[in-house]
Structure formats: structure tokens, C-alpha cells
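Take a look at the letters that make up each chain.
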Amino acid sequence: MVAAEVVEGALAGDPRAADALLRSFGPQVCRWCARLGGPRIDVEAAAQEVLLVVHRRLPELTHPQQVAPFVFQVVRRVVANERRRAWLRWWAPMPAAPLATGEPGPEAAAEQAQRVRIVWEVVAALPADQREVLVLVDLEERTAPEAAALLGIPEGTVRSRLRVARQRFRERLLARGLAPAAIAEAS
Amino acid sequence: MSTDPDLAALARATEPGAALLDAVWRGVDARRAARPVGGPLFGVLARVTAGVALVVGLAVGAPGAGGAAALVHAEHWTELAPFPGVTVRGFGDGAFEQQPGGPRVLAWRWGRVELEVTPGNPSPTEVRTPDGVVTVVGTTFSVERSVLGTEVRVGHGRVRVRCEGEAARTLGDGEAAWCLPTTPAQLLARADRLVADGEPADVVRATIERGLARAAGQPEVGAELLFRRIEQDAAAGRSTRVDAASYLASGATARRQAVLTALARETYAEGGCAAGRASLEALHAETRSPEVAVLLATCVAQATPGRARGLLEEALGGELAPGWRERAEAWLRSL
Numbered sequence: 001m002v003a004a005e006v007v008e009g010a011l012a013g014d015p016r017a018a019d020a021l022l023r024s025f026g027p028q029v030c031r032w033c034a035r036l037g038g039p040r041i042d043v044e045a046a047a048q049e050v051l052l053v054v055h056r057r058l059p060e061l062t063h064p065q066q067v068a069p070f071v072f073q074v075v076r077r078v079v080a081n082e083r084r085r086a087w088l089r090w091w092a093p094m095p096a097a098p099l100a101t102g103e104p105g106p107e108a109a110a111e112q113a114q115r116v117r118i119v120w121e122v123v124a125a126l127p128a129d130q131r132e133v134l135v136l137v138d139l140e141e142r143t144a145p146e147a148a149a150l151l152g153i154p155e156g157t158v159r160s161r162l163r164v165a166r167q168r169f170r171e172r173l174l175a176r177g178l179a180p181a182a183i184a185e186a187s
Numbered sequence: 188m189s190t191d192p193d194l195a196a197l198a199r200a201t202e203p204g205a206a207l208l209d210a211v212w213r214g215v216d217a218r219r220a221a222r223p224v225g226g227p228l229f230g231v232l233a234r235v236t237a238g239v240a241l242v243v244g245l246a247v248g249a250p251g252a253g254g255a256a257a258l259v260h261a262e263h264w265t266e267l268a269p270f271p272g273v274t275v276r277g278f279g280d281g282a283f284e285q286q287p288g289g290p291r292v293l294a295w296r297w298g299r300v301e302l303e304v305t306p307g308n309p310s311p312t313e314v315r316t317p318d319g320v321v322t323v324v325g326t327t328f329s330v331e332r333s334v335l336g337t338e339v340r341v342g343h344g345r346v347r348v349r350c351e352g353e354a355a356r357t358l359g360d361g362e363a364a365w366c367l368p369t370t371p372a373q374l375l376a377r378a379d380r381l382v383a384d385g386e387p388a389d390v391v392r393a394t395i396e397r398g399l400a401r402a403a404g405q406p407e408v409g410a411e412l413l414f415r416r417i418e419q420d421a422a423a424g425r426s427t428r429v430d431a432a433s434y435l436a437s438g439a440t441a442r443r444q445a446v447l448t449a450l451a452r453e454t455y456a457e458g459g460c461a462a463g464r465a466s467l468e469a470l471h472a473e474t475r476s477p478e479v480a481v482l483l484a485t486c487v488a489q490a491t492p493g494r495a496r497g498l499l500e501e502a503l504g505g506e507l508a509p510g511w512r513e514r515a516e517a518w519l520r521s522l
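These protein sequence lines are chains A and B, in that order.
The numbering used here puts the first residue of the first sequence at 1, with every later residue one more than the last.
The numbering used here puts the first residue of the second sequence at 188, with every later residue one more than the last.
Treat the hints as calculated values from the structure; they're not laboratory data.
Heads up, the beta-carbon is just placed ideally off N, CA and C, and yes, glycines get one too.
Just to be clear, a hint being listed does not mean it is correct.
[Unchecked claim] From chain A, some residues computed to sit far from chain B (all C-beta separations above 12 Å):
1) Thr62
2) Ala68
3) Pro69
4) Leu173
[As the list claims (entries may be wrong)] Coverage of chain B stretches by chain A, computed from C-beta distances (three or more under 8 Å per stretch; other residues unrestricted):
5) 301-310
6) 333-340
7) 384-397
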């Protein structure tokens with residue numbers, strides 16, 4: 001949580017407060033870039049870009065309540081651009097393994113890492129509006145009102161998008177050969 | 188943390204470590220320190236606070252009675268009174284000029300100017316940029332010329348804005364308008380700046396379309412704009428096939444590999460080896476990418492195992508992305 005005086009100072013043009021505000025958002029910006037951008041995004045480059053844009057445009061904000069939604073909006077746009085670049089750079093889907101290779105089964109840790117990778121790819125492949133609510137509500141465990149404030153949409157829209165996102169997430173996990181863990185229904 | 192085990196594991200995997208955060212801050216600090224405060228014509232827009240009054244390299248003379256222009260180059264915020272009843276604050280490159288009996292003209296090529304014009308002067312005051320003309324009667328307003336185009340903001344009074352190639356419109360108190368760049372190269376620069384600023388895709392797309400509509404006779408810029416549209420469409424999941432074919436047919440080379448990549452990805456995703464093989468062959472011939480060689484090998488393994496073996500051996504001799512080497516080796520063993 002960022003101290004109120006830091007936010008107010010930053011919006012009033014205090015460069016030290018702006019720097020402190022920026023640094024307080026650093027870890028969350030990295031999380032959002034990774035979770036919304038998917039496994040092929042360059043998180044470091046995306047997070048740098050987000051923080052630079054936020055720093056440059058901070059003077060446009062007038063109320064402390066605008067800051068977190070603004071940062072999220074910048075993340076959303078930068079991630080969309082980074083996904084486009086990553087998409088062109090890493091276009092090739094890895095080919096399926098040949099049948100009956102006779103290879104021994106991978107270690108449990110490697111299996112778990114592979115499962116996380118697939119889950120990450122499935123989340124990354126969801127449409128942006130569904131990916132955002134799934135990350136904010138189911139992955140980061142924010143409430144629907146919190147997610148609505150960040151996204152700038154009505155709470156009801158968050159819930160309806162979440163229903164669709166969960167359904168697609170389950171379907172796509174199944175399509176990738178993973179049995180999905182149960183996701184709690186929206187409260 | 189999420190109650191779903193898969194999402195909880197993903198949350199842990201995407202938690203930034205100290206090394207990542209350090210790298211991010213090093214990059215942010217370096218890029219902030221390197222951010223320019225001035226720039227070349229049509230370069231990066233500089234914003235200078237009014238509190239910084241240092242004037243560097245200012246060269247201005249009074250506009251000559253015979254109509255000669257006085258050139259201005261102000262790298263930092265400054266204040267000038269080029270004509271009676273006209274106060275100009277700002278920075279950038281431009282010129283002041285008044286022909287006998289003509290309007291008082293500020294030809295501003297880059298940077299920002301704020302004007303206060305006292306009403307009642309018989310000669311109209313105009314600010315001209317490469318994107319349009321702003322005519323003043325008596326008012327306070329600003330004109331900012333940057334890579335994005337020309338932005339006009341009215342504080343008080345009224346100004347008439349005529350963007351290049353468009354009808355004039357009048358702006359009143361508190362109103363603002365943009366004159367977009369008019370040349371394909373400037374529109375390309377605007378599109379890139381919009382992308383860098385994270386502006387919405389539809390705004391970027393509109394600029395690209397505007398540039399493409401004016402790019403006849405400028406094949407290099409046209410090809411770059413076409414590539415930007417391919418990028419936009421690819422990101423949005425739209426087909427890039429027609430534009431990719433146009434780009435490849437244009438003979439442009441700068442983005443050829445990326446366009447071949449987009450084409451191969453799209454055709455392979457749509458129909459696997461049957462649809463994507465031709466594009467894969469072209470991409471492989473062009474790039475010799477080891478990952479492409481692996482993928483192509485899987486496409487030709489059944490019909491020509493000998494070629495598949497050669498492709499896989501070629502790929503294994505190169506730098507493969509994580510996970511690919513194991514797959515390539517497995518395929519090689521299966522042949």
C-alpha cells in the first residue's frame with residue numbers, strides 16, 4: 001500500500017514522491033506484465049516501458065484514486081504491444097513429440113514446471129478482457145469491486161466476463177490434456 | 188494467493204525476484220536520464236517547465252519591415268514579443284514574418300508556443316505548421332508541433348484552425364483540436380509514437396490507414412506502414428495474408444523475415460503442415476532458423492525422411508530455444 005501523502009505529493013509535482021510512487025508500483029507492474037503478457041513476453045522490457053510511461057504521464061492525474069487504474073491501463077496497453085512483438089519473434093509452436101519415443105518420463109519437478117507453463121500459455125491465450133478478470137480475481141484474489149475499479153468497468157461486467165473466462169480456461173486446459181482444478185464460482 | 192492450485196502455482200512462478208526488479212530499475216533510471224529535452228525537427232517532443240528559463244542558442248531579430256523572416260531556435264522555454272500586441276512563450280524552431288499588408292505569421296516547425304494576442308490589431312495573426320494554419324483574432328492559445336502532429340488549445344477567445352487539406356473550423360474557450368501530419372513519413376513516425384505511448388489500437392490503426400492512403404509513389408514508407416498494419420492485425424488475431432503478400436511483392440527487404448514469419452505462423456496455425464509448408468520453406472530458406480528447421484522437418488518426415496534428418500541435424504547444430512532441442516532429438520531418433 002502506498003502512503004497517501006506519497007501519492008498526493010506525486011500528483012502535486014514533487015519529484016521525490018513521484019519516484020517513490022513509481023518504485024512502490026514496480027513489483028505489481030512486473031506481476032501484471034508477466035501474468036497478462038504470457039510466458040513469451042519480455043517482462044523486464046515491458047515493465048520498464050510501463051514505468052516510464054507512468055512517470056511521464058503522472059502529471060495528468062488529479063486524484064489519488066486514479067493512480068492504480070491508470071497504472072493498470074498503461075500495463076494493459078504496453079503488454080498488448082509487447083505481446084505483438086513477442087508474437088512475431090516467437091511465432092513457431094513447438095512441434096508435438098513423435099509417437100513412441102521410448103523416452104523415460106520426466107522428473108516430477110519438470111512435470112510441475114511444464115504444467116505451470118501450459119497453464120500460463122492457456123491464460124495468455126484467453127481474450128484480453130477475460131484474461132484480465134481471471135488474473136485479477138482468480139489469480140490475484142481481488143474482489144469484483146476492486147477489479148471493476150482497476151478495469152474501469154461495472155462490477156456486473158467483471159462477474160459476467162469471469163464466468164466466461166473460467167469456462168474457457170477449463171475447456172482449454174482440458175484441450176491441452178490437463179484436468180483443471182476446480183475454480184470457485186463467483187461469489 | 189489463488190485457491191486454484193494451477194493459478195496459485197502460476198502466481199508463484201510470476202512473482203518478480205530481486206534480480207528482475209533490479210534490472211527493471213536500472214533500465215528505467217538509465218532511460219529517464221537519457222530522455223532528451225530537445226530534439227531535431229520533427230523529433231521527440233520536449234516538455235520544458237516554465238520555471239526553467241535558461242535560453243540556449245536563441246537567435247532572433249525583429250521581423251524586417253521589408254518582409255524578411257526572423258528565425259528562431261529556442262531549446263528551452265523563453266518569451267518573445269515578435270509583433271506589437273503579440274506575446275509568444277515557448278520553445279522550438281520557427282520563424283516570424285510579416286509581409287506588407289499581410290498577416291503576422293509565426294511559422295512553427297517544431298516545439299510548443301503559447302500566444303497572447305491583444306484584440307484590435309488590424310493585421311491578423313497566424314501560426315502556420317506543416318500540418319495546418321491557425322488564425323487568431325484576439326485570444327490566448329497554444330500550438331504544439333510534435334511528431335504526433337499539431338495540437339491547438341484555446342485558453343480564451345476564438346481561433347480558426349484549418350488543417351492541411353481540410354475545411355476550417357473555429358475553436359472557442361477551452362477547446363482543442365489536432366491537425367495530423369500530412370506526409371506518409373510523418374504519419375509513420377506518429378504511428379510509432381502512438382504505439383510507444385501505449386495508445387489504443389484503433390487510434391494507431393487510423394494513423395496507419397491515413398499514411399497508407401497517401402503513400403503512393405513512396406514505396407519504402409508505404410512498405411513500412413504496411414508492416415505496421417501487419418503487426419497490428421497479427422496482434423488482434425486478424426489475417427495478415429493479403430498484406431503480407433503485398434509486402435513480399437513490393438520488393439521491400441527491411442521487414443521481409445518478420446513478414447514471412449507472420450505468414451508462416453498464420454498458415455501453419457490454420458492448417459498445419461498442409462497449409463503452412465510453403466511458408467515454412469520460404470522462411471527456412473530466408474532465415475535458416477533452427478526452430479523453423481525443426482518444424483519443417485516434422486512436416487517432411489513422412490514423405491522424405493532423409494531431408495527431415497538433414498534438417499534436424501542442421502537445427503541441432505544451432506542455438507535452439509529452450510525445449511526445442513529435446514523435441515528435435517526425439518524426432519531424429521524416431522526417423
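Taking the hints in turn, this is what the structure says about them:
no., hint, verdict
1, Thr62, "holds (16 Å)"
2, Ala68, "holds (16 Å)"
3, Pro69, "holds (14 Å)"
4, Leu173, "violated (7 Å)"
5, 301-310, "violated (count 0)"
6, 333-340, "violated (count 0)"
7, 384-397, "holds (count 5)"
Checked against the numbered hints given earlier, the structure breaks hints 4, 5 and 6 and satisfies all the rest.
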